[in-house]
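Enquirer: Below are the chains, spelled out letter by letter.
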Amino acid sequence: MPEQPAHERNQNFLEVNLGLGTEIAKQEALRCLECASPACVEGCPVGVQVKEFVSLILQNRYAEAAAKIREDNVLPAVTGRVCPQEDQCEGACVMGKKFSPLAIGYLERFVADYEQQTGTVNLPQNASPTGKRVAIVGSGPAGLSAAGDLVQKGHAVTVFEALHEIGGVLIYGIPEFRLPKDIVRREVDNLRKMGVEFQTNVVIGQTVTVDELFHEEGYHAVLVATGAGLPQFLNIPGEHLCGVYSANEFLTRVNLMKAYKFPEYDEPVYDCRGKNVAVVGGGNTAMDSIRSALRLGAANAFLVYRRSEAEMPARKEEIKHAKEEGVQFLTLTNPVAFNGDEKGWLKSARCRKMELGPADESGRRRPVPIAGSDYDLPLDMVIIAVGTSGNPLVQSTTPDLKTRPGSYIEADPATLKTSKRGVFAAGDIVTGGATVILAMGAGRKAAKAINEYLTTGVW
Amino acid sequence: MYPIVERRELGKHVVLLRIRAPRIARKQKAGQFVIVRVHDHGERIPLTIAGSDADTITLVIQAIGKTTKLLCALSTGDTILDVVGPLGKPSEVHRYGTVVVIGGGVGTAIAYPTARAMKEAGNEVISIIGGRSRELVILEDEVRAVSNELIVTTDDGSHGRRGLVTNALQEMIDAGRKIDLVLAIGPIPMMKAVAETTRPHGIKTVVSLNPIMVDGTGMCGGCRVLVNGKSQFACVDGPEFDAHQVDFGVLVQRNAMYHHTEKEALRAFDHDPVPDLARAGHVCRLTEQYPEAGSR
Ligand SMILES: Cc1cc2nc3c(=O)[nH]c(=O)nc-3n(C[C@H](O)[C@H](O)[C@H](O)COP(=O)(O)OP(=O)(O)OC[C@H]3O[C@@H](n4cnc5c(N)ncnc54)[C@H](O)[C@@H]3O)c2cc1C
Ligand SMILES: Cc1cc2nc3c(=O)[nH]c(=O)nc-3n(C[C@H](O)[C@H](O)[C@H](O)COP(=O)(O)OP(=O)(O)OC[C@H]3O[C@@H](n4cnc5c(N)ncnc54)[C@H](O)[C@@H]3O)c2cc1C
Ligand code: SF4
Ligand code: SF4
Ligand code: FES
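Chains as they are written, first to last, in my numbering: chain A, 1 to 459; chain B, 1 to 296.
Just so you know, the hints here were simulated from the structure itself, not pulled from any lab data. In this text, all values refer to a predicted model and were calculated from it rather than measured experimentally. Glycine included, every Cβ here is placed at the ideal spot set by N, Cα and C. The reader is advised that the hints may include incorrect statements.
Said to hold, decoys possible - Here are the simulated distance ranges between beta carbons:
#1 B/I64 x A/G218: 42 to 50 Å
#2 A/G274 x B/P90: 26 to 34 Å
#3 A/A310 x B/P275: 48 to 56 Å
#4 A/T455 x B/D40: 34 to 42 Å
#5 A/P2 x B/P90: 51 to 59 Å
This is chain B alone, in the form it adopts within the complex (with noise of 0.2 Å):
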């Protein structure tokens, strides 16, 4: 069992939970993730380790389906029935020189600690953050404390810049600047309009792919993407890849496996999400200063 220790709400459908793990945590390097199941009936789901303390780590869950939603309902001293980890490789983290870090919607999350660590090693880092609207853009100052310059970008222009991350990444080609190395991730679409944005330069640029997932040990395969027309397995050759020669048609199609089901499942969790929240040993705090609302 893994206690929640803190709940914090970073923006529209965005929450961070800091969970008790002290094995990860002492382990845990930037770009690595882990896979949790929230109780015994539930599915396993990978989320990335936005950042560690002595005992605790740190994740950022964005609000999409059925698990992600049950995982941003619960609240501090709820538990996870199970955390493994740390899996995949590390960022590969070295001196490049400038860095440019992009981040799209949640992807800001995924991507801060490598910009930290590439701050840390002495690169100088430039991190674009990005979402459809205001109430999208996570972590702003956690991200502004790690660069030595952020460029914000909405589509709507409700904050930073009007426009895509894409659009500022081409501003900064066009003027010449010098950049070693690229890292994006987010949205598919925004990754891939990256490496396109990237390729007729050759800046080499590295994406987090976000394939299903289910061991998470290279075990099972599902995880498989294509990169360089060769098969890889995300969870132990990645999740990091270059992002010249992934092939996100296939990581898209697949995604799309189980929309059916995975609908289905949300369907029924909006309708009543109480028996997963109470599996989950979530204590519906209404119902403890109310003992009357409970059996209603």
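The shape of chain A in the complex, shown without the other chains (with noise of 0.2 Å):
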């Protein structure tokens, strides 16, 4: 894949990865092997048919390969971005076993970019109407792909976002150098397109409870995708510190208020020009603050984790970005106190060192503190990603819903059913942070059954 040069890209928010032009897309197809039983297929949790959209891709017929993808991911130009391909299609492509494995996450962009840049995508026909109305709450790929699914059945969708823009993390979280907030748009309105209506500024569970949507307003089924949106700190001393962030805070003001645009847009965000910088974590949310970071001008950017470097959960191609950009990896170490000075302002990270011992619950080798190896960071601003929880506010105002510790939701597995009629819940609240994909195939799960439910009215 053609990149931004590191030394240029981690001074802008332009797109690193450049995409594949016609010629490489058709030299990469061919070396797939067109599987009988292909096992990319089984490793990708929707099922996208690889084979043949890449067969197709074969023949020059790439818009019809875009609509063979769409078939069962909607939102193709998004996970040929941030898939985490490597434990998914291509972890299983069987010619990873002795070669590379098969690209085909950036196959799946290249048809997909082209299919956008060329204006031809074929948007399937909606059934007739059936009258009936389905209210949506949270505007990320959970909820994103059910609206998809549902408005072709002949439903009438709304979909409800808190945030002023439609997206979820796709918007707020994933920075625009790795998903151009443009493709995002154009998906959504492909949406709009087919007659899904969007309502910005409305907070299920405050604007409006779910029970007053069934009530009052008029809707049939209720599908609650609001995602694991709630920052969790450390609770260590010194997190009310000035420059500590939430990897959410940082992101939502850099992605979704544009501050890296200050003063051209209002939204502030810490000055980072020349300055110490750090992220605490080792997944996406941590890859994506630190490299923001960087192209806000950090003069050092460093990512303290606990585990090592084998256990860091986020994709291998961040990691391999973020390394090439100047990202500094402090493994094996994790902050004990944060210290300030008199005005409040962040000074430093004490740190502690860390070996593996034995296995947690998780299969990860559980790290474990290293007596007596304390030692001071110089630090201006640090960023906390280390995990988020359940929003609560749908919850707390709908109390005949069943919920888990973590304020997820209890949803059947297979239907996506919650415990109160009508309602079904998708995606990050229902799982825990996890991935696109797999909250977009919760989504579709998901409006598979509300779909039956409102057809049979048996719950």
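Since each chain sits alone in its own frame, please combine them into the complex, following the hints.
Expert: So this is what it looks like as structure tokens:
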């Protein structure tokens, strides 16, 4: 994949990967063995028909290739960019045993971009109106994919979003240099053309409750797809200092509010220019945060992670890109306190070295502190990216909705039905922070069950 | 889009805006707030809902920085791009007995709906409102109408009694008057002073905190405040908290985080407010009447 040179891209917010040209794409597609029982399809959480779409590329039928992907995945331009392919389709591809696996993600992105750039999106036809109304709470990948499926079945679909823009994490979390916001907007426009209604600035649980959606606004089913947006902190001393951010706050300011364009845009963010910045964590969120800080001018950008690189949950490509761009990895390190000056500004993090002990419940080796290893890392800003939990606003105002610890909603794994009649739940709010494609898969599963419920009336 | 249907000046740099937002108007309760974004380049700022009717909400805004100045410069017919709410928990309104409601500066507007709700709930409401000088005392008649007793103070004595709101409160306590609850809303030093005034007497005191916010739904954690040694998100756990447990020092520090950029934004706005006004769909009445004035 051609990309912007590391020393240039770490100064701008333009996309890192530049996309495959037609020739390279076809060369890559040629490598596919067209397996009789393709492992790649098994590896993809939504079963994208990889073999079929790759063979359409070889026949120069790019738009049809995109349509083929769309049968199982309504956001191919997004997933081609952000799926952890090494754990999914590409991880399963048989060629990976001896050579590098087929670059399925890059090819998926190639046909999706072709479709968008040439304006040849083949939007599916909707069934005739059923007279049933569905409310979807949250406009992340789970909500969007469910909306697309349900509107095709002839139901009237309204998506309610708390923020002022549609897209969930795709808009407020994942930065422009990894997923250009225009791509998300175009996909949302496609849904709009298909008849999905979007209402921003509505917080379900505050502006309207789930019960009111049924009884006052006349909806027949509700899908809760509110994500896992509540930031966790480390609960160590000094987290109230100025310069300490949650990844959500930092990324929201930079992405949703475009603070990287201050003063053209009003929302401010900490001025990283020439400063020492660290992120705590090892997932995609941590990589996105620290690479954003680098682009905002940080002199030193550290990634502080308590396990080793092998255990990092981030996509491999993000780890590689982060290193190339100059992020300094401080693995097996954990902050235990933040120290500030008399005005309340962060000055340093007290860090403790760790070593790996036996495996824990997650199957990863547990980090164990090394006694007497504490040292101070001078810092002006730190971003906490150690995970999130469910946003409880819907649950706390819908008492008959069963939840699990962490404010997650309990839903039947097959139908995504909750404990409350007519209410379904999908995506991160059920599973905890996961991936875009899993959230989309769950959205589609829920859409199928909602359609069944609306047509049969059987709960 | 949320159209402004009424604009009124209440005092020096304080403007009342009535905005069409039917969903929020139907739902809001005293103590809750909205987050507004004026135009597509704007920041998100929280403002308390000072009242509502069938389909409008009332905001009272004190012009202190770029966004509040911009809001105060808008007029009837202009629109605000985003208004989301009602956010936060409503004030806990019960029948306490005697409730002293203290409003400082624009805090008076924030305290007003709760004072009214307290009165409606059968409390004896004593209101103390203050400002540095006469022009900074707002909503006096409105507050009087929902109070059994009203005391007005100004620092310079230009209106009402000379002194601070806490002086008036201290006098009441010294006079041995029974007070069941104090609600104080205003500048941080004022709220802190009220907390220290009531603490020795064990009088339950509630304050409404004003940390910097972004989303207002619990998603960013930027609004975290230290209450009883624990982190709380003011937008979902508050904004009202027990004054005796709030760490005001942390609040002051965190609110100063963007002073530098705030100054820069304000300077640019003061220098040329036209681009921002235009983004907000503001039609300058002068250029409407005298088209040649706009093309100078
Ligand atoms: C920074 C970051 C980087 C990531 N990178 C990757 C990646 O590279 N690859 C990958 O596969 N996954 C990645 N993920 C994970 C992935 O984005 C999520 O798993 C996915 O977005 C979950 O989708 P969702 O639809 O369940 O929820 P979300 O995308 O979280 O959307 C939920 C939406 O609901 C709204 N909402 C919440 N409460 C309410 C309410 N009460 N009323 C109305 N609306 C409400 C929220 O504002 C939000 O817009 C990343 C996540 C983050 C945070
Ligand atoms: C729950 C709540 C209710 C509020 N109600 C009212 C009200 O009814 N009327 C009113 O006039 N003001 C109210 N405020 C304060 C108001 O939000 C700030 O005055 C406003 O954000 C300042 O923005 P600015 O651009 O004009 O000024 P700036 O120059 O940007 O900031 C001036 C000061 O305002 C504070 N501030 C800045 N940005 C934010 C932000 N995004 N969120 C919160 N505070 C910020 C900081 O302390 C800053 O130093 C309320 C605040 C909160 C948290
Ligand atoms: S959706 Fe993701 S996992 Fe599935 S084929 Fe596409 S890139 Fe691979
Ligand atoms: S497993 Fe690999 S080689 Fe086989 S069909 Fe899938 S992509 Fe092609
Ligand atoms: S404003 Fe973001 S969590 Fe409160």
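Enquirer: Against the structure shown, which of the earlier numbered hints fail to hold, in ascending order?
Expert: 2
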